[in-house]
Amino acid sequence: MLELRLVQGSLLKKVLDAIKELVKDANFDCSSTGFSLQAMDSSHVALVSLLLRSEGFEHYRCDRNMSMGMNLDNMSKMFKCAGNDDIITIKADDGSDTVTFMFESPTQDKISDFEMKLMDIDSEHLGIPEADFHAIVRMPSAEFARICRDLASIGDTVIISVTKEGVKFSTRGDIGTANIVLRQNTTVDKPEESTIIEMHEPVSLTFALRYMNSFTKATPLSGQVTISLSSDMPVVVEYKIAEMGHLRFYLAPKIEEDEEETKPET
Amino acid sequence: MLELRLVQGSLLKKVLDAIKELVKDANFDCSSTGFSLQAMDSSHVALVSLLLRSEGFEHYRCDRNMSMGMNLDNMSKMFKCAGNDDIITIKADDGSDTVTFMFESPTQDKISDFEMKLMDIDSEHLGIPEADFHAIVRMPSAEFARICRDLASIGDTVIISVTKEGVKFSTRGDIGTANIVLRQNTTVDKPEESTIIEMHEPVSLTFALRYMNSFTKATPLSGQVTISLSSDMPVVVEYKIAEMGHLRFYLAPKIEEDEEETKPET
Amino acid sequence: MLELRLVQGSLLKKVLDAIKELVKDANFDCSSTGFSLQAMDSSHVALVSLLLRSEGFEHYRCDRNMSMGMNLDNMSKMFKCAGNDDIITIKADDGSDTVTFMFESPTQDKISDFEMKLMDIDSEHLGIPEADFHAIVRMPSAEFARICRDLASIGDTVIISVTKEGVKFSTRGDIGTANIVLRQNTTVDKPEESTIIEMHEPVSLTFALRYMNSFTKATPLSGQVTISLSSDMPVVVEYKIAEMGHLRFYLAPKIEEDEEETKPET
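Protein chains in written order, with our numbering: chain A, 1 to 266; chain B, 1 to 266; chain C, 1 to 266.
Rather than coming from a laboratory, the hints here were simulated on the basis of the structure.
These numbers come from a predicted model, not from an experiment.
Don't take each hint at face value.
Same chains, same names: a pair is fine if it fits in one copy or spans any two.
As the list claims (entries may be wrong) - Only pairs whose alpha carbons sit at most 30 Å apart, straight line, appear in this in silico DSSO-like list of lysine-lysine: (1) K190 with K254; (2) K20 with K80; (3) K168 with K254; (4) K217 with K80; (5) K13 with K164; (6) K20 with K164; (7) K190 with K13; (8) K168 with K91; (9) K254 with K91; (10) K190 with K24; (11) K77 with K168; (12) K13 with K217; (13) K168 with K80.
All chains, full assembly: derive it from the sequences and hints.
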């Protein structure tokens, strides 16, 4: 039997809003250590990885490992019915083909339960090796979202270049070119507004803006985003989920020389 | 001659916004006692009944009974031109085929008058018998609107069930089922947030969510809504209009067994 | 060489938002006295005239007169990437076929530069004679925008009539007629809310609401708008740009008798 009770239920609403554009159907994996999801996006280009550790739940019971296949659009419709302050409980019996979501208002005057059918979804769990990154940029998540949105109005791809002084986001399109430079900045009053660059080697990689813009749907989850870059490795865009875990997106860089010919993302 | 002056003109704007989705053309009836409207919705399933008592107007002159046929979309276009703080006056000469709406800003610096053609509309006034209800639920109007909207994302109909402990709103659709339970609650600080259940007999009735969602367009008129239910009788969904009257919607329940076959509302 | 630095960069964003609906491609003219634009709208009915005086810029360098042809939609895409508090610098080398826009955040932590291709645009500069107006109305720009929007829901044209007592905006359409009267009002606390009528002769002129509604896109530029009217002359609708200049729109009146036949604007 599975019963997970999360006081800050709005976290689950935000997680769904963050990933449902990329992933349509996915297995949620539940074990004694936590509630997790790993899925490729529907065009098999980006990888989404979610972890919510069991310690973050008010109540966490998972008698044996379960993998529950869910349609994220349907799940999102149900979670939209939860209030932002609601306590959310996820319940499933062993071997059941349904899952129940229970939403309790803080005053307990309104209690909703939604039952959803589960799906069988084939998926293989990819091992993601721990990597050493050439550069790690931590910056305000809203600023990253703004930059990806702005650049997408000019071009299709973004070149992210990191030097000791700062990080540069560049694009080029029919109407012209754009370069946005952020400087390392650790002296601000609020830690959430700082930009911190940890660089071992300079790096410059090209990515499809379309996916970057999908990743930024996770902005409400965290005030900061961490972008980890290595040559010829997928970038990792990570949003921490307060005290509980993280939502990570992986995207392979484009080979710059072939950019004009291939353009698989358009 | 007719001349009705309403200081809180925004009430009339809200009334129009509440009913213009259901009713396209309707007769407004004016007598010495008040300004009223009774109309079936365009698919002849729901009934709308409005009453604004003469005492609620700052100035109310109605020399003889008049019935003025108006197109509510056109009327709404004109009322949208009134400011939210404007004083609204409705004027018509006896036998005239036009009506004039005058909007005065609180400072009297801006005065607008709109003249609209009247229409001939056939309508029979239905007598609505006073009924004894099995159960009457009074609850926050915004909560009722939220529940109807949420359930409509899952299914097409709502089953409203009342017991002494609370009221349950249920639906079922392709993606699963939903149950929302509200408990009687009279101890809140603000009377507008209370949920009060007056029950003589348990009752459980099924309604088309499409109409319920139209009714909730009246939410801005009142902080509370009253839902009056009896077996095999139309439900009455009532919004009080401060000190002046009410806007009531009537809707016949669906016969549950036939639900699958008939579905007249889809 | 050209280098114009404007601390209040949001002014340029607002100017673009105000004119890009009317004008698609236009020459920006730069001389030692200022940065200006004059262009007919794409249907050659209305004239737009912008002036930003050199004194209003923090830094203004223009070695010799330049005329830079720009596509306003593309320019607007780039300016949307500027923050509202950003300092904006416009740079171009003599004879270059590109222009560079630089946006600096107030803290200097984010610096963006956008390069846009220039276009060759034929244009003749029209001399606009200084005119004596029969009546000049100065009024809150938001009120003017509201009136134009409201009347457009009833009819296609507006008759603006000025008398000593006030200014009347009238229209007529299929659903009825509308008259909105504003009285002279100089006694309000805030000068931005005053309505001041300077009248030498009564005047009554008819204009296409479609263009008036385009002009009101300039509302964010200024709290007041000035409407200058003379019989058989184009109306001038002017928005002052704080300390720097103005944005003016010119529109010829319609000949009222022919209104029904011609209706070139529908």
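message: At most 30 Å between alpha carbons: which applies to K190 and K13, within, between, both or neither?
response: both (26 Å within a copy, 29 Å between copies)
task: With 30 Å as the alpha-carbon cut-off, assign the pair K168 and K80 to within, between, both or neither.
output: between (37 Å within a copy, 19 Å between copies)
field: Intra- versus inter-subunit Cα pairing at 30 Å for K190 with K24
entry: Intra 36 Å, inter 43 Å, cutoff 30 Å: neither.
query: Are the CA atoms of K254 and K91 at most 30 Å apart within a copy, between copies, both, or neither?
result: neither (42 Å within a copy, 32 Å between copies)
field: Intra- versus inter-copy proximity for K80 and K20 (alpha-carbon distance at most 30 Å)
entry: Both: 13 Å inside a chain and 28 Å across chains, each within 30 Å.
Intra/inter-copy verdict for K168 and K91 if alpha-carbon distance must be at most 30 Å: between (46 Å within a copy, 21 Å between copies)
- request: Please work out whether the CA atoms of K190 and K254 approach to 30 Å or closer within one copy, between two copies, in both situations, or in neither?
  value: neither (35 Å within a copy, 57 Å between copies)
query: Is it within a copy, between copies, both, or neither that the alpha carbon of K20 lies no farther than 30 Å from that of K164?
result: neither (36 Å within a copy, 40 Å between copies)
query: How do K13 and K217 come out at 30 Å by Cα distance, when the copy is not named: within, between, both, or neither?
result: Close inside one copy (12 Å) and across copies (26 Å); limit 30 Å.
Intra- versus inter-subunit Cα pairing at 30 Å for K77 with K168: between (38 Å within a copy, 20 Å between copies)
- prompt: Can you tell me if K168 and K254 fall within 30 Å by alpha carbon in one copy, between copies, both or neither?
  reply: within (17 Å within a copy, 54 Å between copies)
field: Identical-chain pair category, K13 with K164, by Cα at 30 Å
entry: Neither way: K13 and K164 sit 37 Å apart in one copy and 33 Å across, limit 30 Å.
In the structure shown, a violation is registered for the earlier hints numbered 1, 5, 6, 9, 10, in ascending order.
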